[in-house]
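Chains F and V are the protein sequences, given in the same order. Take 1 as the starting number for the first sequence in this note's numbering and just add one per residue. Take 1 as the starting number for the second sequence in this note's numbering and just add one per residue.
Derived from the structure by calculation, the hints contain no laboratory data. Errors might be hidden in some of the hints.
[Unchecked claim] Just so you have them, the derived chain F footprint on chain V, three or more residues with Cβ under 8 angstroms: (1) 16-28; (2) 115-127; (3) 162-168; (4) 320-330.
The C-beta atom is built at its ideal place from N, Cα and C for all residues, glycine as well.
Protein chains: 2
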Amino acid sequence: MKSPLSSDFIIGFLGAGQLARMSALQAFRFGMQVAVFSDRTENEPVQFMTPHSVSGSFDDVDSMLEFAKMCDVITLENEFIDSEILKELRDKSGTPIYPSPESFTLIENKLIEKQTFEAAGIPVTPYLLIRNQNDLKTFGEKYGWPFILKSSKGGYDGYGNKTVHNPEDAMSAFVTLGGEAGHDILAEAFVDFTHELAVQVARNETGYMVYPCCETVQKNHICVAVKSPAPVSAHVREKAQELALMATEAIDGKGIFAFEFFLTTGGSLLLNESAPRPHNSGHYTIEACITSQFENHVRAVCGLPLGSSDMIKPAAAMINLLGTHNRPAVTEHAHTAISQTDGHLHSYGKITSKKGRKMAHYTLLGDDLEATYSRALQLTDGIEI
Amino acid sequence: MKSPLSSDFIIGFLGAGQLARMSALQAFRFGMQVAVFSDRTENEPVQFMTPHSVSGSFDDVDSMLEFAKMCDVITLENEFIDSEILKELRDKSGTPIYPSPESFTLIENKLIEKQTFEAAGIPVTPYLLIRNQNDLKTFGEKYGWPFILKSSKGGYDGYGNKTVHNPEDAMSAFVTLGGEAGHDILAEAFVDFTHELAVQVARNETGYMVYPCCETVQKNHICVAVKSPAPVSAHVREKAQELALMATEAIDGKGIFAFEFFLTTGGSLLLNESAPRPHNSGHYTIEACITSQFENHVRAVCGLPLGSSDMIKPAAAMINLLGTHNRPAVTEHAHTAISQTDGHLHSYGKITSKKGRKMAHYTLLGDDLEATYSRALQLTDGIEI
Numbered sequence: 001m002k003s004p005l006s007s008d009f010i011i012g013f014l015g016a017g018q019l020a021r022m023s024a025l026q027a028f029r030f031g032m033q034v035a036v037f038s039d040r041t042e043n044e045p046v047q048f049m050t051p052h053s054v055s056g057s058f059d060d061v062d063s064m065l066e067f068a069k070m071c072d073v074i075t076l077e078n079e080f081i082d083s084e085i086l087k088e089l090r091d092k093s094g095t096p097i098y099p100s101p102e103s104f105t106l107i108e109n110k111l112i113e114k115q116t117f118e119a120a121g122i123p124v125t126p127y128l129l130i131r132n133q134n135d136l137k138t139f140g141e142k143y144g145w146p147f148i149l150k151s152s153k154g155g156y157d158g159y160g161n162k163t164v165h166n167p168e169d170a171m172s173a174f175v176t177l178g179g180e181a182g183h184d185i186l187a188e189a190f191v192d193f194t195h196e197l198a199v200q201v202a203r204n205e206t207g208y209m210v211y212p213c214c215e216t217v218q219k220n221h222i223c224v225a226v227k228s229p230a231p232v233s234a235h236v237r238e239k240a241q242e243l244a245l246m247a248t249e250a251i252d253g254k255g256i257f258a259f260e261f262f263l264t265t266g267g268s269l270l271l272n273e274s275a276p277r278p279h280n281s282g283h284y285t286i287e288a289c290i291t292s293q294f295e296n297h298v299r300a301v302c303g304l305p306l307g308s309s310d311m312i313k314p315a316a317a318m319i320n321l322l323g324t325h326n327r328p329a330v331t332e333h334a335h336t337a338i339s340q341t342d343g344h345l346h347s348y349g350k351i352t353s354k355k356g357r358k359m360a361h362y363t364l365l366g367d368d369l370e371a372t373y374s375r376a377l378q379l380t381d382g383i384e385i
Numbered sequence: 001m002k003s004p005l006s007s008d009f010i011i012g013f014l015g016a017g018q019l020a021r022m023s024a025l026q027a028f029r030f031g032m033q034v035a036v037f038s039d040r041t042e043n044e045p046v047q048f049m050t051p052h053s054v055s056g057s058f059d060d061v062d063s064m065l066e067f068a069k070m071c072d073v074i075t076l077e078n079e080f081i082d083s084e085i086l087k088e089l090r091d092k093s094g095t096p097i098y099p100s101p102e103s104f105t106l107i108e109n110k111l112i113e114k115q116t117f118e119a120a121g122i123p124v125t126p127y128l129l130i131r132n133q134n135d136l137k138t139f140g141e142k143y144g145w146p147f148i149l150k151s152s153k154g155g156y157d158g159y160g161n162k163t164v165h166n167p168e169d170a171m172s173a174f175v176t177l178g179g180e181a182g183h184d185i186l187a188e189a190f191v192d193f194t195h196e197l198a199v200q201v202a203r204n205e206t207g208y209m210v211y212p213c214c215e216t217v218q219k220n221h222i223c224v225a226v227k228s229p230a231p232v233s234a235h236v237r238e239k240a241q242e243l244a245l246m247a248t249e250a251i252d253g254k255g256i257f258a259f260e261f262f263l264t265t266g267g268s269l270l271l272n273e274s275a276p277r278p279h280n281s282g283h284y285t286i287e288a289c290i291t292s293q294f295e296n297h298v299r300a301v302c303g304l305p306l307g308s309s310d311m312i313k314p315a316a317a318m319i320n321l322l323g324t325h326n327r328p329a330v331t332e333h334a335h336t337a338i339s340q341t342d343g344h345l346h347s348y349g350k351i352t353s354k355k356g357r358k359m360a361h362y363t364l365l366g367d368d369l370e371a372t373y374s375r376a377l378q379l380t381d382g383i384e385i
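Produce the complete structure using the sequences and hints provided.
Structure representation (structure tokens):
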């Protein structure tokens, strides 16, 4: 591979949303060029940031091939492209893809993902592949009602998930999620937890960096805020970091990865989800850490040495700013938030706002976690987008 | 003006080099779109960062008009465009330009600049507008030889400057610099100084932020390194900050400004040069300050509240990485520098390296200024570009 520190080096992003956008900003800092492939032809966040923009279908290797040949390395901002397609794209173009298609194969759907991590000795939430009504009943009897049904591929932010309360409910959700149409549907036990935690890990051939263990605050299965470091014991945080590193190694990950854990009421950690890309739980690292998850994403996939994941202040709170209106995007009533010392607004450049759409986020640094979090909530409370 | 926090807001840069590039990165963080006008058609640092790129002549309003109409606000990365042209561009396009053409008028050439700042009570280096050989002699007799001849417009990094040692020397330089062809040539006394200092100021209708007073280390009239805060007394640093704010107010500046001072052997401060734009002396602010000069540049010209200019660590050293070869640009032997905790490389995306060309910079943060500076020098010593 050409040196990533040569100015004609092109890093390519499959996907043009805010995760690729924030990574692309870091690529520019290293002097790289950025190319983007999207299934939309315009108005995607990264499409405003480069003249190298190609559109087509993520299901069609040929439509991505011209793009892939233009790039020196390719990375992804989501996990929805089939690993076989990624392999074919890599082989036909000769352009490396990181995280590698082989890593993707190991976490390609929720079933394989759980099997991979279980085999590596990482505790995961109890689950079962559901084939029929009887499996639903058996699982409910073993782990209790309600439990969660998840489509094995493609779900995120609560999409593709259903909480089911009884056998009839479960069967109906099984059908809705495509179980009868042949989609793999997983049952997952409801876990009684005190905290949802997350850890990002950057890793490549030069080494690894594990980020602090943070807490994610979820509402309707969508992350609305992150507090870092998580307000749990140092022992638990270190254990989560250790499991996250084990999980990254289990898939021989090269890139940036995020792992979400439940801290159960009994005090144990269960791996809930993984993401082979920058993650909403790590947005706070832009200002709170010496090297952000996005910079280490770029470093990792390009084979550069990784930067420190240490925090520069004792506490950080990140608040997702979801669309409050269906309208052309404009962030209003944010001036007080912007004016705060150590208050940082990031807007993703999406042209249209929709209620609940991730449009921007706000990070506040401070000395005391709960005070910083409360203040960040106050400062963002009136913001409309 | 449209809200700068709407995603169809376009900030336009006249000039496509590294200063515009680093500002554009901050504009993206606020969700803005970026447009660029350059007198070159390709391969300029900002041209790799946007699909909105227009080329033409900086002397020709009509060639900039289409670009100007596309933008919601325009800013500059240099001070070489005639203020009359800027006024005409603004009036014909209806697009605001900041810093305003009226501010530019007050610092348009070195003579007017000195008169503006003198009138505001800011001490400047002794100078004289040279009309003939006799003026050269008179100046030399009054302030001693050698002194410096400067072309009143267009000089930077030592270009357009000559150190002259005697009347014959001076006359020859006067001719070379275009004095006989009608260019304004200024004589400036040689100042015995212990330090060269610089201060950046961001200012708009919402207020101002004054950055720490830093020291610039110059070699052959080119800034090679910056140390911040400057290793001089707190009293001197505060005085420099005060003068820099006075100077910004003297030109009613809206934007980011840099002021360079001599700290004379006698202990007084003399304003040497001003720049109505982000400045090499402020590159260290990207990591060392809560809000970088580039972010405050964007905030200031867009009318957003300004961010804190406080440093996040006690000391910062910035080393300019000048081209070491004439070749396609590639940064070599930088892995150790990149691997340092709190060491940050910025490369400008220039396709071609030339000996002495500003290609990149490296910033190291630390607790002790001299130790940080020595370490940064060591770490960058072997880097080739």
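* Outcome, coverage of the stretch 162-168 of chain V by chain F - at least 3 residues whose beta-carbon is closer than 8 angstroms to one in that chain -> violated (count 0)
* Asked: Are there at least three residues in the stretch 16-28 of chain V whose beta carbon sits under 8 angstroms from a beta carbon of chain F?
  -> It holds, with 3 qualifying residues against the three required.
* Cβ contact check, 8 angstroms cutoff: the stretch 320-330 of chain V against chain F, three residues minimum -> Held - the stretch 320-330 of chain V has 3 residues with a Cβ nearer than 8 angstroms to chain F, which meets the minimum of three.
* Given as covered by chain F, does the stretch 115-127 of chain V meet the bar of three residues or more with CB within less than 8 angstroms? -> violated (count 0)
In the structure shown, a violation is registered for the earlier hints numbered 2, 3, in ascending order.
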